[in-house]
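S.K.: Let chain B serve as the given structure and place chain U on it in line with the hints.
Residue numbers (my numbering), protein chains in the order written: chain B, 549 to 845; chain U, 82 to 506.
Since the hints were derived computationally from the structure, they do not count as laboratory data. Glycine included, each C-beta is placed from N, C-alpha and C at the ideal position. Careful, some of the hints might be misleading.
[Claimed, not checked] Computed from the model, here is a short list of chain B residues facing chain U with C-beta under 8 Å:
1. V672
2. L701
3. W788
4. G791
5. F809
[What the hints assert, rightly or not] With a straight-line Cα cutoff of 20 Å, these simulated EDC-like cross-link-like pairs (lysine to aspartate or glutamate) come out:
6. U:K487 - B:D703
7. U:K398 - U:E146
8. B:K594 - U:E146
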Amino acid sequence: MEKRGIYQRYLNRFGWFCVAPAMAFFTLFMLYPILSSLYYVTRRWKGMSNTFIGLGNFVRMAHDTIFQDALAHNFFFLVIQVPLMIFLALMLATLLNQGIKRFRGAVRLAIFLPAVTSLVVVSVLFRVLLQTNGLLNNIMIQAHLITTPIGWLTDAFWAKITIILAMTWRWTGYNMVFFLVGLQSIDTEIYEAAEVDGASKVRQFFTITIPLLVPVILFSAVTSTSGTMQLFDEPNILTWQGGPANATMTAALYIYRQAFFVNADFGYATAMSYVVVLISGIFAFVQMRLLGERRAK
Amino acid sequence: MKKRMFIVLALVATLVVGLSAQKKLTVWCWDPNFNVYAMKQAAAVYNKTHPKVTIEIVDMAQDIEAKIISGLQAGGAGLPDIALFQDFRIEQFLHDYPKAFVDLKAAGVDYSKFAAYKVGPMTVGDHVYGIPFDTGSTGLWLRTDYMKAAGLNPDDYMGKDLTWSDVIKLGETVKAKTGKPLLAYQSDNFDMLRIVVQSTGGQFFKPDGSLDLHSLAFEKSLALFKELNDKGLLYPVVGWSDWINAINSDKSAGFLNAIWMVGSVKSRPANAGKYMIIPTPRIEGVPGAANASNNGGSSWYVFSSSPNKARAVDFLKSVWATDTPDNEAFYNEILKGAGAMGTFLPCQTGSNYTAPDDFFYKSQPIYKDFAAWMKDVPVLRYTPNYVPMRDAVAHATLGYFQGKYKTIDETISAAEAEYKQVMGQ
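Just chain B, same shape as in the assembly (with noise of 0.2 Å):
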C-alpha cells in the first residue's frame, strides 16, 4: 500500500513536472496580461506616465465616434464577407470535390496560395493594380464597363470593397480546404440510395452535403467572425491606415494606432479591446445557438 502511494505521488510530481513549462509559459504570456488588463484598463496613460480615472475609458469610448465608426466598418465586413466567402469557398470545394478530375492539385494549390502569402508583399501589387490609373480601371474602361476610373482605394465606399474582395481573395482557400475535408468524409452511399430515390444533384446538395456540412460551416463562420473583427493587416496596409480618411478604418486598427502610433494610450487601447472581445464572445455564442439548433433537428 504505502509503495504504491509513493509510486503515485511520484507520478503525481512527475506530471507536474512535464505541464510545468506549458503552465509557466500560461502565466507569463496568458494569465498575466489577462491580470494585468484589469489595472491598465482604469488609466489614462502617456507613455511612461499614468493616473487612474475609473471607468473613464468607457465614457470616453462612448462618445468616441472614430470608434464606434470603426466598429461600424467591422460589422459591415462581416456581414457581406463572412457569407459571401463562405458561399465561394462551399462552391469552389464542391467543384473540386466532383467536377474537376484534372490538375486537381494545381488548382487546389492556386485558390489556396493567397492564405500563405505574405499581405504585406501582395498588397504593394494589389495598390498597383487599382491605383486610379491602375490596371484593373484601365481594363474595365477599355471594355467599356465603366466611363469613369473608380477610387478602388481613395473614394470611401470603394475602398470599402476592396477590402472585402482582398479578405475574401485571401480566405476563400483557407476555408474551401476545411469544407473539402467535410465532404470527403461524407459517406458516398447516402449519395447513392439518394440518386436511387430520384434526387436532383442539387436536390442531394441542399438537402444531404449542406446539413452534413453543418459543423464545418460553422466552425468557419465562427472563426472568420473572430477574424474579421479583429481586421487589421488590410486597411492598415492596402488602404492605408484605415483610408481614405478613416473609412476603413477598423477597431483593431485604432487600438493599434492609440497604443503605438498616437498617443501611446495603453489604458484607452485595452478597453477598447474589451469591447472587441466582448462583442466577438456574444457573435460566436449566437452562432453557435442559431446553427447548434438546426443540427439538433
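M.R.: Same frame as chain B, now just chain U:
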C-alpha cells in the same frame, strides 16, 4: 572543481561577449537610398579612426515608431543604440518618455553650429537631445518637357518667385495642352498642405500647444487646395509607394516637395534633363508669406538605455557635429549621393553645395538654390500632438474635396472634432 571551472568559463564568456558588444553600435532608420546611405557613409568615416567599431544600420521601413514605443515601454529592451526620428515626431517622444534619450548638450555638442530651426523641436528646457540631420527645404518641381509641349518657355519661370495664381495659370495651360495634372498629390497625406501653410508663416497650434485651425493662413491654404482639386490640377495618389510611382511614371507635370526627393527623381534615368525646381509659390493676401517652406527632415537620437551610449555619442559627435576636412568631405558626399543636405553649418562649404547638377534642366545648381531658400523658411511649431492634428486635418481635407463638407468652416470643425476624439479631450 568542475563546477568552479564552469563558473570561470561562464565569466570569461560573458566578459568576451560584453566587450565585443561594446564595439558594436546599432542604428535604426529608414529609406535605403537616403538615411541608410548617409549613415553608412558616416560609419565609414568613423571607422577610419575607430576600425574596431562595427556600426550596423538597420532599415526599419514603416513600423519604426511602433517598435520604438514597445521598446521604451519595456524600459529599453530591444532598442538600438541610435535611432532616427522625424522632426515633427520627436516632441511626442521627448514628452512621453522624458528619460529615454541622452542629453547631447550635456555631452558637449555645440548647437550654435546647427541651423536654428532644427534645434527647436529637440530642446526641452536646458536639455537638447538630438543631432540634427537633413533639411526639408522645399521647391516646386516642374517637368520642362511638358511645359514646352504646352507652348511655354521654362526659362521664363526659372528662379522666379511665383504666386499661387501664377501657378494655377501655368497648370491650366499644361493640363489643356498635355492632359497632365500639374501636381502629384498624396490625398491621404498632409505634406503638401503643411508646405503651403508653413510658407505663410502660419501655425496649427497656439504657443500653449492647443489646436488653432481658424487662421487666415490655414483658411486661405484650404481654399487654394480646393481650387487646385476642382480645376483638375492634382493627381491624387494614396501612400508613399504610389507617390514615387506616380512621379516616376509621368502621371503629373510636377509636384511640390522637399529637397530629399532628389534621390527618388534621380533613381529613374529617364528623368534626366527634364526637371527644374523653382521657389515654393507664395499665397497672396497673407502677411508674412514667403517663397520658401519646409517638409520633413529628421535627426539622430541616442537612447539612454543603450549600454554603449558613450560610444554612440562619440560617433555622432565626432562625425556629424565636428568640423574636420574628413567630415566636410562626408557632408559633401551625401549631398551628391542622395540629395541629403545636412544642417551642420560649418560643413556647408563643399563643392557640391554650389556645383551645377547635370541631371536637371540646364544643369540647375539645385543645392545652391535649396540652401538659399532654406534661409527664408518660416518656423513651424510641432508640439507633441502633431500626428493626430496632421491626420485629422488630412481626413477633413479629403472630405472637403469629395464634397462631404461643404464649407471651409465645416471642414475645420470636422478636423477639430476628430482631433479631440483621438486625443480623448
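S.K.: None of the hints should be skipped; say for each whether it holds.
M.R.: How the hints compare with the structure:
Checking B:V672 against chain U by beta carbon gives a least distance of about 6 Å; that is within 8 Å, so the hint holds. A distance limit of 8 Å between C-beta atoms decides the matter here; for B:L701 the minimum to chain U is near 5 Å, and the interface restraint holds. Of the supplied interface hints, the one on B:W788 holds, with its beta-carbon coming within about 5 Å of a beta-carbon of chain U, less than 8 Å. This hint holds: B:G791 has a C-beta 4 Å from the nearest C-beta of chain U, less than the 8 Å allowed.
For B:F809, the suggested interface contact is upheld, since its CB lies about 6 Å from the closest CB of chain U, less than 8 Å. The straight-line distance between the Cα atoms of U:K487 and B:D703 is roughly 17 Å, inside the 20 Å bound, and the hint therefore holds. Pair hint U:K398 plus U:E146 does not hold up; C-alpha atoms about 24 Å apart against a cutoff of 20 Å. For a cut-off of 20 Å, the pair hint linking B:K594 to U:E146 stands: about 15 Å separates their Cα positions.
Taken one by one, the earlier hints fail for this structure only at number 7.
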